[in-house]
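Student: Listed below are the residues making up each chain.
Protein chains: 2
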Amino acid sequence: MRPNHKRLLASALGISILAVSAGVFAQQAGAKPETLIKWRQSAFQVIGWTCGRVKLALDATTYDKEEVVKAASALAAVSNAGLGALFAPGTEQGKGWHDTAAKQELFAVGSKAGEIAGTLARETNELVKIANTSDAAAVKVQFGKVAATCKACHDDFRVKL
Amino acid sequence: MRPNHKRLLASALGISILAVSAGVFAQQAGAKPETLIKWRQSAFQVIGWTCGRVKLALDATTYDKEEVVKAASALAAVSNAGLGALFAPGTEQGKGWHDTAAKQELFAVGSKAGEIAGTLARETNELVKIANTSDAAAVKVQFGKVAATCKACHDDFRVKL
Chain A
1 MRPNHKRLLA SALGISILAV SAGVFAQQAG AKPETLIKWR QSAFQVIGWT
51 CGRVKLALDA TTYDKEEVVK AASALAAVSN AGLGALFAPG TEQGKGWHDT
101 AAKQELFAVG SKAGEIAGTL ARETNELVKI ANTSDAAAVK VQFGKVAATC
151 KACHDDFRVK L
Chain B
1 MRPNHKRLLA SALGISILAV SAGVFAQQAG AKPETLIKWR QSAFQVIGWT
51 CGRVKLALDA TTYDKEEVVK AASALAAVSN AGLGALFAPG TEQGKGWHDT
101 AAKQELFAVG SKAGEIAGTL ARETNELVKI ANTSDAAAVK VQFGKVAATC
151 KACHDDFRVK L
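Taken in sequence, the protein lines are chains A and B.
All letters in the first sequence, in the order written, are residues 1 to 161 by the working numbering.
All letters in the second sequence, in the order written, are residues 1 to 161 by the working numbering.
These aren't lab readings, by the way, just hints derived from the structure by calculation.
Some hints here could point you the wrong way.
Pairs count within a copy or across copies, as identical chains cannot be separated in the list.
[As the list claims (entries may be wrong)] Derived lysine-lysine pairs resembling DSS-like cross-links, with alpha carbons at most 30 Å apart:
#1 Lys32 <-> Lys140
#2 Lys151 <-> Lys112
#3 Lys65 <-> Lys112
#4 Lys151 <-> Lys65
#5 Lys151 <-> Lys95
#6 Lys55 <-> Lys32
#7 Lys145 <-> Lys32
#8 Lys145 <-> Lys55
#9 Lys95 <-> Lys160
#10 Lys160 <-> Lys65
#11 Lys140 <-> Lys65
#12 Lys103 <-> Lys32
Same shape as in the complex, but just chain A (with noise of 0.2 Å):
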């Protein structure tokens, strides 16, 4: 592929907002799509898993910061990979544990999902750090932010389930 190609596909992708550098791109491109599709919908159960968790213990009646540390910290740091380069160009249709819930929108030049993405990563930063610092109030005020940009890219760019 040539390297006038590669910058259109990434920014086609919002890559450099999910700054995946060109090279890594490549690599992982390099796998096959039903690999990609099946690893992002792995890394999106994760975060759902470890919102889920972050949730219950912000429902429960006594407050366990070393669970919310913990889940928000694996929630972040999945965020914070390079799920950009799962959405590589291939990888718009096709079957990992189940057909692809991503919209062809997602994959459209100008679409919104690189930016979204770039939030996922920041709140659930700032997440991990209020988590860190603060009680339950805080936690419960940056969850909201959290899971308003799940919903935001949910609407827009994932399929009814």
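The hints should help you fit chain B onto chain A, whose structure is shown.
Tutor: Just chain B now, kept in the frame of chain A:
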């Protein structure tokens, strides 16, 4: 479930080593077995994805430190997220994305699975430290320790895939 039963089950799963509190254990055990199995299969896929990225970076002609730190950070965070709770009683058999590949020996009293999970948590944390401060050669040595930990668990506790 009575508290002494909780303790027995927690002991069988090496929960104390995995540092999963009884509260968390109870919360996540409230999820359906197939959901827990799906989450654990997803978590290990993310572990596979991130390990693969570290390996790719080590095999590349130019060492990409940023990529290794990012992949290792997600690897360590998931490894430290409390995976033990995803092996709760009731998940010895069943289907998540696919039939569980965990051998029954993993769930037996006195199983070393919890100990190995503790080693994975430590070795991956060490990988992040080394990735942040050192060069490819040092990362390669530590990555070998991580890979050996994965293999130890697969040899004893995963059915042949």
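Student: Hint by hint, note whether the structure agrees.
Tutor: Here is how each hint holds up against the structure:
1. Lys32 <-> Lys140: Result: close only across copies, 25 Å inter versus 39 Å intra.
2. Lys151 <-> Lys112: within (13 Å within a copy, 40 Å between copies)
3. Lys65 <-> Lys112: between (34 Å within a copy, 28 Å between copies)
4. Lys151 <-> Lys65: within (25 Å within a copy, 33 Å between copies)
5. Lys151 <-> Lys95: both (23 Å within a copy, 28 Å between copies)
6. Lys55 <-> Lys32: between (35 Å within a copy, 17 Å between copies)
7. Lys145 <-> Lys32: Classified as between; 28 Å across copies, 34 Å inside a copy.
8. Lys145 <-> Lys55: within (13 Å within a copy, 35 Å between copies)
9. Lys95 <-> Lys160: both (16 Å within a copy, 24 Å between copies)
10. Lys160 <-> Lys65: neither (34 Å within a copy, 38 Å between copies)
11. Lys140 <-> Lys65: Within one copy only: 12 Å inside a chain, 34 Å across chains, cut-off 30 Å.
12. Lys103 <-> Lys32: Classified as both: same-chain Cα gap 20 Å, cross-chain 28 Å, threshold 30 Å.
Consistency with the previously given hints fails for number 10 only.
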